[in-house]
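Colleague: Here is what each chain is made of, one letter per residue.
2 protein chains.
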Amino acid sequence: MVRKVAKAGKAAAAPVKAGPAISPLAPKTLANLPPLAGVRLATGQAGIRYKDRTDVLVAVMAPGTQVAGVYTRSRTASAPVEWCRAQKAGTARALVVNSGNANAFTGHAGFEAARQVAESTAAIVGCRGQEGFLASTGVIGEPLPANKITRILDDLVAAGAAGGWRAAAEAIMTTDTFPKLATVSALIDGRKVTINGIAKGSGMIAPDMATMLAFVFTDANLPAGVLQELLSAGVEQSFNAITVDSDTSTSDTLLLFATGKGGHHPNISKASDSRLAEFRRKLDALLLDLALQVVRDGEGAQKLIRIDVTGAETDAAAKRIALSIANSPLVKTAIAGGDANWGRVVMAVGKSGEAADRDRLKISFGGQVVAEAGARAAKYNEAAASKAVSGRSVEIAVDLGLGQGKARVWTCDLTHGYIDINGSYRS
Amino acid sequence: MVRKVAKAGKAAAAPVKAGPAISPLAPKTLANLPPLAGVRLATGQAGIRYKDRTDVLVAVMAPGTQVAGVYTRSRTASAPVEWCRAQKAGTARALVVNSGNANAFTGHAGFEAARQVAESTAAIVGCRGQEGFLASTGVIGEPLPANKITRILDDLVAAGAAGGWRAAAEAIMTTDTFPKLATVSALIDGRKVTINGIAKGSGMIAPDMATMLAFVFTDANLPAGVLQELLSAGVEQSFNAITVDSDTSTSDTLLLFATGKGGHHPNISKASDSRLAEFRRKLDALLLDLALQVVRDGEGAQKLIRIDVTGAETDAAAKRIALSIANSPLVKTAIAGGDANWGRVVMAVGKSGEAADRDRLKISFGGQVVAEAGARAAKYNEAAASKAVSGRSVEIAVDLGLGQGKARVWTCDLTHGYIDINGSYRS
Numbered sequence: 084m085v086r087k088v089a090k091a092g093k094a095a096a097a098p099v100k101a102g103p104a105i106s107p108l109a110p111k112t113l114a115n116l117p118p119l120a121g122v123r124l125a126t127g128q129a130g131i132r133y134k135d136r137t138d139v140l141v142a143v144m145a146p147g148t149q150v151a152g153v154y155t156r157s158r159t160a161s162a163p164v165e166w167c168r169a170q171k172a173g174t175a176r177a178l179v180v181n182s183g184n185a186n187a188f189t190g191h192a193g194f195e196a197a198r199q200v201a202e203s204t205a206a207i208v209g210c211r212g213q214e215g216f217l218a219s220t221g222v223i224g225e226p227l228p229a230n231k232i233t234r235i236l237d238d239l240v241a242a243g244a245a246g247g248w249r250a251a252a253e254a255i256m257t258t259d260t261f262p263k264l265a266t267v268s269a270l271i272d273g274r275k276v277t278i279n280g281i282a283k284g285s286g287m288i289a290p291d292m293a294t295m296l297a298f299v300f301t302d303a304n305l306p307a308g309v310l311q312e313l314l315s316a317g318v319e320q321s322f323n324a325i326t327v328d329s330d331t332s333t334s335d336t337l338l339l340f341a342t343g344k345g346g347h348h349p350n351i352s353k354a355s356d357s358r359l360a361e362f363r364r365k366l367d368a369l370l371l372d373l374a375l376q377v378v379r380d381g382e383g384a385q386k387l388i389r390i391d392v393t394g395a396e397t398d399a400a401a402k403r404i405a406l407s408i409a410n411s412p413l414v415k416t417a418i419a420g421g422d423a424n425w426g427r428v429v430m431a432v433g434k435s436g437e438a439a440d441r442d443r444l445k446i447s448f449g450g451q452v453v454a455e456a457g458a459r460a461a462k463y464n465e466a467a468a469s470k471a472v473s474g475r476s477v478e479i480a481v482d483l484g485l486g487q488g489k490a491r492v493w494t495c496d497l498t499h500g501y502i503d504i505n506g507s508y509r510s
Numbered sequence: 084m085v086r087k088v089a090k091a092g093k094a095a096a097a098p099v100k101a102g103p104a105i106s107p108l109a110p111k112t113l114a115n116l117p118p119l120a121g122v123r124l125a126t127g128q129a130g131i132r133y134k135d136r137t138d139v140l141v142a143v144m145a146p147g148t149q150v151a152g153v154y155t156r157s158r159t160a161s162a163p164v165e166w167c168r169a170q171k172a173g174t175a176r177a178l179v180v181n182s183g184n185a186n187a188f189t190g191h192a193g194f195e196a197a198r199q200v201a202e203s204t205a206a207i208v209g210c211r212g213q214e215g216f217l218a219s220t221g222v223i224g225e226p227l228p229a230n231k232i233t234r235i236l237d238d239l240v241a242a243g244a245a246g247g248w249r250a251a252a253e254a255i256m257t258t259d260t261f262p263k264l265a266t267v268s269a270l271i272d273g274r275k276v277t278i279n280g281i282a283k284g285s286g287m288i289a290p291d292m293a294t295m296l297a298f299v300f301t302d303a304n305l306p307a308g309v310l311q312e313l314l315s316a317g318v319e320q321s322f323n324a325i326t327v328d329s330d331t332s333t334s335d336t337l338l339l340f341a342t343g344k345g346g347h348h349p350n351i352s353k354a355s356d357s358r359l360a361e362f363r364r365k366l367d368a369l370l371l372d373l374a375l376q377v378v379r380d381g382e383g384a385q386k387l388i389r390i391d392v393t394g395a396e397t398d399a400a401a402k403r404i405a406l407s408i409a410n411s412p413l414v415k416t417a418i419a420g421g422d423a424n425w426g427r428v429v430m431a432v433g434k435s436g437e438a439a440d441r442d443r444l445k446i447s448f449g450g451q452v453v454a455e456a457g458a459r460a461a462k463y464n465e466a467a468a469s470k471a472v473s474g475r476s477v478e479i480a481v482d483l484g485l486g487q488g489k490a491r492v493w494t495c496d497l498t499h500g501y502i503d504i505n506g507s508y509r510s
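Chains as they are written, first to last, in my numbering: chain A, 84 to 510; chain B, 84 to 510.
Read the hints as simulated data drawn from the structure, not as lab findings. Check before you lean on any hint, since a few could be wrong.
For identical chains, the list gives no copy identity; a pair is met inside one copy or between any two copies.
[To be verified] Dumping the calculated DSBU-like pairs for lysine-lysine here, alpha-carbon to alpha-carbon at most 30 Å:
(1) Lys-462 / Lys-171
(2) Lys-275 / Lys-365
(3) Lys-231 / Lys-344
(4) Lys-462 / Lys-134
Just so we're clear, the structure is a prediction, and the values are computed from it rather than from any experiment.
Take the sequences, apply the hints, and build the full model.
Modeller: Following this line, the structure appears as structure tokens:
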């Protein structure tokens, strides 16, 4: 079995499945994550669905590690989501993630498979079953062969090492074209702590949340309640502000673990503590970084689109309008074609159901006003407007002129690549 | 100017713009609509946007014609929609429709352009301006050159004739690949009346309603209030039960005119009158026929998909679930690829926000149960399931197992054709 275990910190034994070409929106370089005190990682090949690539990640955390989570709002959530949601103690010792099978809509047997993986891991690590966290991503409705995972757990736990973040991010990929990694450091009361995060996701991405798994680890010493408050707030402007295709997964999972093994800062018991201001800001930045990497890897994406809505009646109204634009196939295909078709933005505002006054609406592409006062802008310039939607990065701004509500969301364009990926591959 | 007017009943002077190849889902033959007492039609070439094809339809109705309408719920509705909504008298003498320009988001000038067309028509026909109904379809945000229409109105009104339904349907096409026509007859108290309808639409199609124009004419003698009640009820199971891309147009307009010139049946003052039962049933069938022709011409459509949801908590919940499935890009691309990916149906049920119990959910493709009791069906047969999604017509049935709510909606698959049409053409 050892040959199937890639020790963390070394390259995986087998190359990661290449899949389609790397997204043109991928970061130029991958973040280099430092080791994190209190976290050991290992990846392995369970052969669940993929051949010749890693498909299992095990993270073992120091005793006392605190955890917070945010999960899909789907009414048909996967077995691992149900398992994680049920763990209320706020402590975690292990995380096991597999790719290739989502263990979703797999009935009672699916939940038993999840339990079996969690309890087997706990027995090896030496903790309670409820301190074992799980996530699965891949095809829906296939029974998960838990024994393929459990039979390599001994080796994986033994192989765990302090580094290996890139290998970890690679093991959880499905249709992703690049691994998603981010790291920041922050001072808490003058003591430096580190936050490392990995994520996966490229389709079935929509609030709330996405076919999206993200695992964030810090060596800060923070209780579960504080972590949950920080995470729930941070997710609104990051993972809950992105959409690729409006489709919400059964499996979305975002976990934040705090080992308390770095920094040695004083105990902090409230998220509102001013000594957490920098940590919160850096955590938010890391969550947004990971979320944008997911959009940048949107299936078939050729352009990253940022949508700012201002002047709506409320922030919630602004977000619904922004998502109506972001999810409109007609807006997304127009931008794919380099067509500054602001009429489709008007349409998407109109269909959102939120208050809008045609004569107060102002629409800009790349900072140029294209429509205002109920009609095309007087200074409208087709060539300049087309240029604003022709690059890799497109900015759409809509001001409703009604109130103070605002929201920012990100999406990508809708291209032939999306059809290719989703019309031929049972992901 | 006469050379630009195609007299109704004859072929238009120039061939209708061919556009992309005719949809493979198009009806084998076009319905042949009989003349309708009290309606005269003419089409012409105003040259608003298209060259070498007709782009204006004028219908002149007999004095006393009653009218009912259903319009888009968009908050950014077009000027013609605003014009029609404002006419409360319930009588109509003329309808002017242009293609190539939606007269939407065109500000005060757009409304004035609409008024100019309506009042010019009224002056020629000899009626009040508010008896002139309007619809425009095409690009959003371009000023409508009303004079291009008004300068040919004299000739068009003079050229009006009792037939010419196919030419009428062709003049209002935009990205449509075939004209949409339907006719039925019904008995009211033993007297035969006829209902003729035409429609256009192929993208930006979603409840409520669609980039969809439909005009239905009957020679029955029914007051506006009765017509409105029949129309509002009929639209729910037809035009409000179809979606191509979830995008709702600024211009959707469905008008029902009753000239009272046929049949000579007794006056009827209530929609609930039992003598209207057959008329209502036939009208509903005609509305559904036209609505399905719109879906069959969905941009890029290769397959017609019917979705039945039963066992939901309410009918409204069932419809939201059905539309969540119908609008899911992942469901639509899977079916395009002939992939019986029922996991994506589970996902779409889960994201709808409506109550669902994984363990009671039952999903069928083409009558074969593929998932039930929280997991893949015991008798699941991949080959048979794939076959069920491989033809031109696909039937998905979902039973929630919770209550009595049910709904049926139609959509089409999402293909490369949709991207081609919408990524390169400012429709």
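Colleague: Each hint should be assessed against the structure and marked as holding or not.
Modeller: Consistency of the hints with the structure:
Taking the closest pair of Cα atoms, Lys-462 and Lys-171 never come within 30 Å of each other, the shortest separation being 58 Å inside a single copy and 38 Å across copies. In this homomeric assembly, Lys-275 and Lys-365 come within 30 Å of each other (Cα to Cα) only inside a single copy, at 12 Å, whereas the closest approach across copies is 75 Å. Taking the shortest Cα distances, Lys-231 and Lys-344 never come within 30 Å of each other, neither inside one copy (32 Å) nor across copies (77 Å). In this homomeric assembly, Lys-462 and Lys-134 come within 30 Å of each other (Cα to Cα) only across copies, at 28 Å, whereas the closest approach inside a single copy is 57 Å.
Consistency note: the structure conflicts with the earlier hints numbered 1, 3.
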